[in-house]
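J.: So the chains spell out like this:
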Amino acid sequence: MEIQLYQIILIFIFSCIAGMGSVLDEFQTHRPLIACTIIGLILGDIQTGIILGGTLELIALGWMNIGAAQSPDSALASIISAILVIVGHQNIQAGIAIALPVAAAGQVLTVFARTITVFFQHAADRAAERVNFKLLDFLHLSALVVQALRVAIPALLVTVFMNAGSVQHLLNSIPEVVTGGLNVAGGFIVAVGYAMVLNMMGAKYLMPFFFLGFILASYLNFSLLSFGAIGLIVAFIYTQLNPKYQERPQTTTTAGSSAPLADDMLED
Amino acid sequence: MSETIKKLNKKELFNMFVRSNFQQASFNYERIHALGFCFDMIPAIKKFYKTDEERRLALKRHLAFFNTTPAVCGPVVGVTAAMEEARSDGEAINDGSINSLKVGLMGPLAGVGDPLIWGTLRPITAALGASFALNGSIFGPLLFFVSFNLVRLALKWYGLTYGYRAGMGIVKDMASNTLTKLTEGAGILGLFVMGVLVTKWTKINVPVVISQTTNQAGVKSTMTVQGILDQLCPGLLALGLTLLMMYLLKKKASPILLIFALFGVGILGYWLGILK
Numbered sequence: 001m002e003i004q005l006y007q008i009i010l011i012f013i014f015s016c017i018a019g020m021g022s023v024l025d026e027f028q029t030h031r032p033l034i035a036c037t038i039i040g041l042i043l044g045d046i047q048t049g050i051i052l053g054g055t056l057e058l059i060a061l062g063w064m065n066i067g068a069a070q071s072p073d074s075a076l077a078s079i080i081s082a083i084l085v086i087v088g089h090q091n092i093q094a095g096i097a098i099a100l101p102v103a104a105a106g107q108v109l110t111v112f113a114r115t116i117t118v119f120f121q122h123a124a125d126r127a128a129e130r131v132n133f134k135l136l137d138f139l140h141l142s143a144l145v146v147q148a149l150r151v152a153i154p155a156l157l158v159t160v161f162m163n164a165g166s167v168q169h170l171l172n173s174i175p176e177v178v179t180g181g182l183n184v185a186g187g188f189i190v191a192v193g194y195a196m197v198l199n200m201m202g203a204k205y206l207m208p209f210f211f212l213g214f215i216l217a218s219y220l221n222f223s224l225l226s227f228g229a230i231g232l233i234v235a236f237i238y239t240q241l242n243p244k245y246q247e248r249p250q251t252t253t254t255a256g257s258s259a260p261l262a263d264d265m266l267e268d
Numbered sequence: 001m002s003e004t005i006k007k008l009n010k011k012e013l014f015n016m017f018v019r020s021n022f023q024q025a026s027f028n029y030e031r032i033h034a035l036g037f038c039f040d041m042i043p044a045i046k047k048f049y050k051t052d053e054e055r056r057l058a059l060k061r062h063l064a065f066f067n068t069t070p071a072v073c074g075p076v077v078g079v080t081a082a083m084e085e086a087r088s089d090g091e092a093i094n095d096g097s098i099n100s101l102k103v104g105l106m107g108p109l110a111g112v113g114d115p116l117i118w119g120t121l122r123p124i125t126a127a128l129g130a131s132f133a134l135n136g137s138i139f140g141p142l143l144f145f146v147s148f149n150l151v152r153l154a155l156k157w158y159g160l161t162y163g164y165r166a167g168m169g170i171v172k173d174m175a176s177n178t179l180t181k182l183t184e185g186a187g188i189l190g191l192f193v194m195g196v197l198v199t200k201w202t203k204i205n206v207p208v209v210i211s212q213t214t215n216q217a218g219v220k221s222t223m224t225v226q227g228i229l230d231q232l233c234p235g236l237l238a239l240g241l242t243l244l245m246m247y248l249l250k251k252k253a254s255p256i257l258l259i260f261a262l263f264g265v266g267i268l269g270y271w272l273g274i275l276k
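Those protein sequences? They're chains A and B, same order as listed. Numbering of the first sequence is given in our numbering, commencing with residue 1 and proceeding in unit increments. Numbering of the second sequence is given in our numbering, commencing with residue 1 and proceeding in unit increments.
Next up, chain B with everything else stripped away, as it sits in the complex (with noise of 0.2 Å):
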């Protein structure tokens, strides 16, 4: 009789939402997440299955590649744990079927993950914690600390609890607007601060000296190269560098490499005197 409610309960899902705080623990070259994403299921394989034979099977599934930002593995391991539910109580849904549903869920999850995460989410808080930071503030620290992970945790409970109770009708969420919705807003947002702190926080100074006029009051005044690239726009140059930084990268050159080369840039500004 007890074969038949096998439902997950709650201290189940705290389980697998603690588990998958350490998604990225055993990260591999060969299969990223696959440790990772069995560790996160083992709760829900002990629960529904109960023979060696099954539970042989159930694990090997689960270690198979797997990849995506970890901040939203949540919802994968929901319709996953789902779909195992569904299985073990007889439905015919094969390996196939769920491994086809993990790599159809990865992709898209990353595609709104990892702006939203990495290109949003992170760079506003640790850029508004460092603000707050330079002034000697532990409020900057505490501040994106708190914050992140307030975000973070949120998307992975939630997101998992989303992913077992929708079931297989995630694909069909996932492809409604909502989602974009968000991706796009958040990538505006996102843009907007990183023009922001593009102009606040880069420091490029040219004081090359262009003209010296002395006016009939017998004031000098000095023309240098940065004075005319402020009149024209504050910033330009950090503008400027950035784009040419952006270019790089997409020719493939490597964020270290390019790191090496403006600190080569510095020295040989400061060494000739054209940057201070």
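So here's chain A without its partners, still in its complex pose (with noise of 0.2 Å):
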């Protein structure tokens, strides 16, 4: 498949958005389910964009920026590998070995950038000093410029020297084991993304809430969409009945109204 220049236009856009995007961590742009769906609009094969989008989304369903920790690059690598599986006609295995590297190469990435924009946090100082709030407007969104090309760039490259041959080549010269192996593992690499996020809930007490769904749906094949409600459901049943949440007022009054119930009883 050719790429067309309105189409490399097109992906330097997007690239710029979702790099602003995985800094900025509010609209989503960078996370896989959407930046490979745009992807894949753009070059003309959305359904392939999709469904990379959402295996490469459980993958890195852990993968989240917590205070200065960086994550893993999302945006990087859910662009390059959607634009190498479309290009070269791979299949979704091949885009998750390509997405892996780019992602760890991603991430130094962008510590490189959030230690450039320390840059920018000084020149805001000199800024704040002559009471400019143009440049202090200015600088602060400059530097996602910085984030943007940290995407785009690479980005771009891949696409200009890349073409469906190339992208054949590169990953016919990789042994069946390797690709084989890589398959394998993506079915079970998720579990690092969820012990991520079990870490970071940090509540050893409610873990007994993540075996009960764990052992309902080994066992029940509803959608994923009813455990949800079920899930909810418990929550608000759990947050209710617990003690800790009732009212005072309320634990005095119904003392009170017990209290009066006993006399009447020892009266009779």
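Hints should not be assumed to be uniformly reliable.
The calculated label-pair distances, taken between Cβ atoms and stated as ranges, are [what the hints assert, rightly or not]: (1) A:6 to B:91: 53 to 61 Å; (2) B:138 to A:9: 21 to 29 Å; (3) B:257 to A:240: 36 to 44 Å; (4) A:240 to B:10: 30 to 38 Å; (5) B:165 to A:70: 55 to 63 Å; (6) A:245 to B:162: 18 to 26 Å; (7) A:105 to B:103: 33 to 41 Å; (8) B:232 to A:222: 45 to 53 Å.
In silico lysine-lysine, DSS-like type, Cα no more than 27 Å apart, as pairs [claimed, not checked]: (9) B:50 to B:6; (10) B:47 to A:134; (11) A:204 to B:203.
Because the hints were derived from the structure by calculation, they are not lab data. Beta carbons are placed, not taken as given, at the ideal position from N, Cα and C, and that holds for glycine.
Assemble the dimeric complex from its two separately framed chains, guided by the hints.
T.: Now the structure itself:
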């Protein structure tokens, strides 16, 4: 498949958006589910983009930026793997094999970008000294350019220099035992993401609810949506019945009302 | 006369809300959201202070270290604006008390925001979206994008306006039961769904044959490791692997290292024929 000039431009623009999105972490344009879908749309194969996005999203489920800690780079990984899979007519498994090394490389670039932005912070100190509101606004927003280019430049290079032949050549040079193994590993690498989320929740005494979900889903063939509803109901019931959330006045009134009752019974 | 009426109007609050959607634009390892917070506050600083000297001090006040979950920064921005308003009206509020309120709020808010947003809202909406996307349905990405962002934008807007209205009263609200109740409820939902995902969406298959028996009718039955494990409980290996990963992450193993280690396990297992 030949990539047209307009597609290269659109990929560059979206890569900028996803790069900015990955530092802002607001609209989630950097998540595989969104990024792969958009790249698929641009390259005329949205179906592959959506499926690859869903697959990578599950692997990246627990990738998150907490405090100053940096997660693997889902923006660059999603964009590069979607381009290579669609242009090189590869299967989804090949997409996983491409995405993970790219995510690791992207993480290094992200750390670099977030170090460069210290410069913007210092420039802002000087702008505040001169009460220059416009310059402060400009400095804050222009820091996004660093993040945009961090993703857009590698994506542009891949788009321009890769074609179906070179992608196939690249992937064919990988021995079968490696691609087969990656395929197998793709099934359980998600465990790392789950573990990241579970550790972050940090509430050991609530872990029984994790095991409850596990046992129920191991034996029941419900949809994810219905399990979500069950989880919501369980959470409601727990917080409603938990004595520590009972209002103080309520307990005194029940105590007060039960006391006269006991008196009545004694009189009888 | 106009000096006395300095309440932020809806337009200015909306401006701050829009700005707070760029909270992390200049994220840096030195002061994290410092410039972002100052950026959020600019409409309020312009409104409350008219002299250059006052404005300079206010800007510098809000270029101090700040960091919280971006989706829940609203209440802090709101309450800080309320304090700046009171200060510009001549109330005795010094730099220290504004800064200590910010620092005092950002920790507990991140304590609520991280499990709520990154531990519950995003994994659940993303997993739900992915479950449709795996079948190639555009509904999947749309569902994720719309539902996540609706909640996030609502938190930002109502958080900001609530913080501004409540002012210092927010400290009392933060200590109330409602917040812990919400965090705990979200935690239960998040953990429950994680349990579901671990067994539903992790694929491990160990096709190693243990015994092959032929019964009287001549039907061959094969017993594999996976078959036995499934009889004990389906998803047992996935659970064990997840718990192992939790342990290793707690021991400070880097996530990307673990991912590559599992890749190695996959390749080795495939080569030896014990994983399929």
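J.: Decide, hint by hint, whether the structure agrees.
T.: Hints and how they fare:
1. A:6 to B:91: 53 to 61 Å: 58 Å, holds
2. B:138 to A:9: 21 to 29 Å: Hint holds: Cβ distance 23 Å, inside 21 to 29 Å.
3. B:257 to A:240: 36 to 44 Å: 42 Å, holds
4. A:240 to B:10: 30 to 38 Å: 36 Å, holds
5. B:165 to A:70: 55 to 63 Å: Once the Cβ atoms are compared, 36 Å apart, the range 55 to 63 Å for residue 70 of chain A and residue 165 of chain B is violated.
6. A:245 to B:162: 18 to 26 Å: At roughly 21 Å between Cβ atoms, residue 162 of chain B and residue 245 of chain A fall inside 18 to 26 Å, so the hint holds.
7. A:105 to B:103: 33 to 41 Å: For residue 105 of chain A and residue 103 of chain B the Cβ distance comes to about 36 Å; the hint holds.
8. B:232 to A:222: 45 to 53 Å: 22 Å, violated
9. B:50 to B:6: 11 Å, holds
10. B:47 to A:134: This hinted pair holds, its Cα atoms lying about 15 Å apart.
11. A:204 to B:203: 26 Å, holds
Comparing the model with each numbered hint stated earlier shows that hints 5, 8 do not hold.
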